[in-house]
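Start from the sequences, fold in the hints, and give me the full structure.
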Amino acid sequence: MPIDAKTTLAEIDPAFAWQKWSPADQEPWDEQRVRLLYRRGAFGAGPKEIARGLKEGPEQCIATLLGEESQSTELARQVEVFEKESGAIAAAVRAGGDIDRLAAWWLHRMLHSPQPTLEKMTLFWHGHFATGADKVVDSELMYEQNRWLRQHALGDFRAMVHGISKDAAMLLYLDSATNRKAHPNENYARELMELFCLGEGNYTEKDVQELARCFTGWEIRRKLFRFNEYQHDEGVKTLLGRSEIESGESAIDVVLAQEAMPYFVVGKLVKFFVMDEPQASRQFLEPLVKTFIASDYSIRHVVHQILLSNLMLSLWSVGRKVRSPVEYALEIVRSMEATANLDRLAKMLRPLGQALFYPPNVKGWDGGRAWINSSTLIGRSNFVVDLLGDTNTRFAGGSLENWIRAQGIDSKEAWMEWLTKSLVAVPIPDIERDALQKGMAGRTNANGWTAPLISLSQNPRIHLS
Amino acid sequence: MERRTFTLGAAAAATGLALDIPVPGGWMKALASELTVARGDGRPNRILVVVQLSGGNDGLNTVVPYRDERYVQARPKLKINASEVIPFQNDLGFHPSLRSLESQWEAGRFSVVQGVGYASPNRSHFESMDIWHSCHRKQDRTQSGWIGRYLSGCSDSEQKDAPGVHVGAEPLPLALVERGVQVPSLASIEQMRLKSKSKVMQMEEDGTASAIGSAEKSSVGEGDSDLLGFVETSTSAALEASLRLEKALSVPDETGDFPSSGLGEKLKVVSRLILAGLGTQVYYVTLDGFDTHAKQAAVHASLLRQWSDAVSAFCKRMQQAGLQENVLVVTFSEFGRRVSENASQGTDHGAAAPMFLAGPKFPAPLVGEHPSLNSLDDGDLKYHIDYRDVYAAVIEGWLGAASLKVLDGDYREGAEKLRLFG
Amino acid sequence: MFGPAKFSFGHVFAIAAPWLLGCLLLPNHLRAQETLANEAPKVSQVGATGDRIDPRSWMPETSVLYAEIAPAGLWLDHPMRGWLTSTDAFKTIWRSPEVLKARGGIFVAELAIGMKLEDIARELSEGGAYIVIDKRTDGMALLTKTSSAAWLKKYLDKLLEVARSDAKSKGQPDPVKSAEYRGVQGYQFQNVIFGSIDEWLLVTNRSPLAQAIIDRQQDASIPNLLDARWLDGFQGINASGESGSTTRVIAVQTDLEQIRQLDRGNDLFKDQAKDFGAELILGGVLSVLRHAPSASGSIEFRENGVTGELSAPTDPAWFGKSREHFVGPNQSGRAPAPLLVANSIGTLSAYRNLSEMWLRAGDLFDQNVNDQLAQADNTLTTLFSGKDFGTDILGAIEPEVQVIAVPQTFADGALSPSVKLPSFALVARLKKPEVMQKELKRTFQSFLGFLNVVGAMEGQPQIDQNMDLVNGQPLFWGEYVPDSERKYENGLPIQFNFSPAIAFVGDHVVLASHVALARQLAEKPWTSSSAASTSSDANSFLNIDFQALRQVLESNENALITQNMLEKGHSKEEATKEVGMLMSILSLLKEGSLRLSFDDRTKLELRIDAMEP
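Chains as they are written, first to last, in the working numbering: chain A, 264 to 728; chain D, 49 to 470; chain E, 514 to 1126.
Treat the hints with care, as some may be off.
When the alpha-carbon atoms are kept at most 35 Å apart in a straight line, the in silico DSBU-like pairs for lysine-lysine are as follows [as the list claims (entries may be wrong)]:
#1 A:Lys675 - E:Lys614
#2 A:Lys610 - D:Lys245
#3 D:Lys243 - E:Lys787
#4 A:Lys347 - E:Lys787
#5 E:Lys1090 - A:Lys347
#6 E:Lys614 - A:Lys311
#7 E:Lys1090 - E:Lys1116
#8 A:Lys398 - E:Lys1000
#9 D:Lys243 - A:Lys684
#10 D:Lys125 - E:Lys787
#11 E:Lys1085 - A:Lys486
#12 A:Lys347 - E:Lys1085
Just so you know, these hints were derived from the structure itself, not from any lab.
Here it is in structure tokens:
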């Protein structure tokens, strides 16, 4: 039962959608699919990664992205070297305390980590458990939270929630640094259910009040979590139909045990990896929810299944997501094996609407259509102009022209072909192709190689993944 | 089609046809508003520009009861003398730095709402500013701002420009925050200008944006969603907006008197975005430095001059473009300052203070009474107009929207009484 | 287009570059062995014979800048070169990829022409090189006196042949255009026009300028640069050297009056500084630039270093009252003698009446800056608990001030900050020591208290306040206390570089970023450093010990490498190399100084000493 681009979500059988995809004559394991996986599961890929992915086949390719334990010792060695290097950068950045620098450090990880899906998932959780440095201010707390998110990004969802509930940056961001029994603070209690675990409609206002009482005595003092037992409300609390709740921790367990929880979390992952629209029904998510529960809420298992699914690799998912600013920027950089001034790159994301460590509010980035408006679109084009105009931007260590030649590309037309193939997910109709070629015409100088990319940056299709 | 009408509008502005002509009758007003709509692009008929004076503006030395004996006594060193004030009525005068706004005042296009504040005033900058932004005293709910909530209520899928724009390099003010609403911060006009203009130049030559978007639709996402169609129309809109902005920028600024101060630059950016016909309805700018604890006289005079010069230049620019009835500037600060000056020739955090409106013709130049110096609240002026009444008046009377949800309360009665707009 | 606004060193460099590069890059052992091995250095012919031609007599009187550059031989045979090319640092740089690439290019060019670049440079400039920028023709020209007319002809022919055969091999038309003017054969290749007049090579970017030069060469009655008054008193490359210890390699003079006219509309020569910082550094110089008829500059080689000088004639009336804070009453302001502090990175000493400058700001700056200053005044006065910043704080000290920088040492094993900054001290004399000591002490203490309150609100570490008597005089300081609940696995935060201190030494006040430096200054009697002789009669004086600077950078090597990785996107290897290169360059330098003085001339003198050979 093939799924093609015209199939609506309602027409797709959920069981088939999430089954493991296998190559077939009609649907071979090809470059387009490797690119798709690297776009969704990572931050794009350069020619070498594409070639490796083709050779590896789908399962191994996904294992590489996820840095699976079954991988070779070679990967373990790479990870060790990389972590040492990234750790050294982090140490220097933390000493300075500059949050913009911290964003540059993270970009370095996204660009160079041998486990790119881990970074992508950390970004996902950063948007899920959104915490903004504008309010937290302290870069050390932002760093600690980021480390926590990464540590659990592909792990047990419940452990992550327990940890984040005591995270200093999170509680400061939600004005929940104090929570006394006389005035239970409802902020964190509400967001835990609405935004982090269950979604609206799966709890009542009364539950919010009761959960807030469970968290009384949870405080942040001198940037550290502490439990002030004298401020804990010892009275009987009834949360989501349960009444023997001994502590804040057991209250979190009650929330996590709700039937709605796996659907909410898995639904968000599907939106993140597969499609912005439409929202998947509970029934459609059912197979993934089963996996989630059966694996003891292992995020890795769900992500693995999504990436290797028929829905993903039948190419139905192509063009169903708007690239986030981070994806847009890094995919351009990575596809051309570029290196750039990362401090500047971090700042350049701001006008595009996704400054790392500065989500717009506790709901995180809305994503999808919300990424797009006049000012962010102008920003996306200007980003390319700025990136190419920066003398620190190099391509595999050299000039763009040398890099292009090294790929065996010898004409502007071939270069445009390469660019559309590498950066544009959905096919460009001939009429637009002509327009793009026209935009390049008359540019024969050394900068001629940048013109096609700049021209492409103003084509709507580049914004779809 | 749109481009042609825009050119007409610009030409009218350039020849001075649309300079500040008082609008006597309803029919002309109607015509003016129709002209604005016909000027095409996505520009809303009513635009709101909010100017935030951060740090707590000394309202008492801005609108000065210079003849009041108690004022003279409370401000031995900082008082503005009768010889210096710009007197207007009721023994009140403006700080001399407001000179540039005098012509707006005389034209009935500048209005003062006196004694604005809220009950049990909070004297912390951050908390009071949060109260003004969120309309909530205690954050029993993760925060959002009143403008953010307003913008979320009028979100329109056809609208391709950001509904609100914050001009400035500082963090996005809470007032503009709401889930699902993206308000960009523009550090400079360059952020709205395409660095590579060859495509918009092409559009200009072809007379259309059809180089993109009009091509055959691909089959992506058909039935479920049309993301491709969405990014295509959005891109056209962005390129058109950028083209209009380039045109607006290429018309020399005849008034040319935007001061080179920070606020002057910001309001200049706002004026250009408005003239470029952006679909944005609310603009937000701030001027910091009003926390004048020491040696207030010089710094306050300088800040007020920056503010009044920038606002009056902005108003003139709007008048020149015939938009004087379409753009409202509202100025506020998180609190006023204490009545008595301190020992460092400064003033400390206070409570009630005036708000200022500029732009269209106002029915009453002076709204409310000057707070009495006779009856103080712990040394501070007492408010008698709730700030949310003013917000409600702006939302209902200017923006023509419902204020209940935006303000999380019913302030319509108070708003009604203020009669801020015609 | 070569517009009037585009005069820049870039142009000078573009023309001078070939042999400057040759001089700098070619180490001795790469020199052409076959010809030069036994040849003694040739004696410069300029000034050697009676019928010496002054190149100025060929140059148009409408020029606005004139420069002389010593023969390449003088650069190439300087004793420093042998030492420089033998250092490890040089060898590292010499083998770096960037240099290798440039060397490859040079090698190819040498092959094509059949001569070593170094030899070309020597022959080409045997009698010196002379540069002029002309206002009327918007052009720039270079005249060099080569070894002989015959050699020059051979060289030019070869050059033309290479250019033509290169074009031919690419199937392009003849790239060289030629024309004759009054018997002189001129060529144009791309934007460069060149030709020979006897043994002189003429290169320019404008043909009218070439014609103007040929006109004057043939007809001495046409007004020429020898008539230009702004060039009066010009000291050419042959002017110095009596002492024998220095060699003048570049001399330049410019018509400031014309430059000011060309610059009209830009604000480069405005009397007002753009901001407070610019006034603090440049104020007096701005007055001079605005009025002086001309300015000159020179670079001289010494046995073991380089000296550069920029100067302009100066009239005291130009400063008026408004710059008295900078030059002092009747230009009497003198920088204090730099103090001797062990292992210091450097000292900046200057005469600056800061209080006067602060209070005079209304005249010195435009409205915008004054608006900002009014706000700063408000903040600073609040910060200093109601004390007026201009009168009470800045007014407490005499205008002779100095700032000393010293690398900090941290005990091994103990917690130390992960970024290690040097410590700084400001030293100034108090106007009324008996009154001001108490005032400043109190202000200092309430300032630390203020930092604690703000720090507590922002979760920053707290400061412990201490006091001690050193030589009977008080020393107050604050010390950051590590938070016992935090782990600091990456070392302490950057604040721990600071331990703000105030000490009183005699009638002086010492304000230091770290108590160790304050204590060091308070404990021992003061003596002037060896730089004092050079600094006497200076208005401002900066000296730097490059090895101490290197020490600071080296203790932060990891931070520098990280910064390089983030700023340039470099890999760790690339970043390590680049930082290593910086250290290598620093290891070649011993000390440097910058000296600003006002007399009948305003002089800015730069002196750099290399390490001992």
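Hint check:
no.: 1; hint: A:Lys675 - E:Lys614; verdict: holds (27 Å)
no.: 2; hint: A:Lys610 - D:Lys245; verdict: holds (23 Å)
no.: 3; hint: D:Lys243 - E:Lys787; verdict: holds (29 Å)
no.: 4; hint: A:Lys347 - E:Lys787; verdict: violated (46 Å)
no.: 5; hint: E:Lys1090 - A:Lys347; verdict: holds (18 Å)
no.: 6; hint: E:Lys614 - A:Lys311; verdict: holds (27 Å)
no.: 7; hint: E:Lys1090 - E:Lys1116; verdict: violated (38 Å)
no.: 8; hint: A:Lys398 - E:Lys1000; verdict: holds (23 Å)
no.: 9; hint: D:Lys243 - A:Lys684; verdict: holds (25 Å)
no.: 10; hint: D:Lys125 - E:Lys787; verdict: holds (32 Å)
no.: 11; hint: E:Lys1085 - A:Lys486; verdict: holds (33 Å)
no.: 12; hint: A:Lys347 - E:Lys1085; verdict: holds (11 Å)
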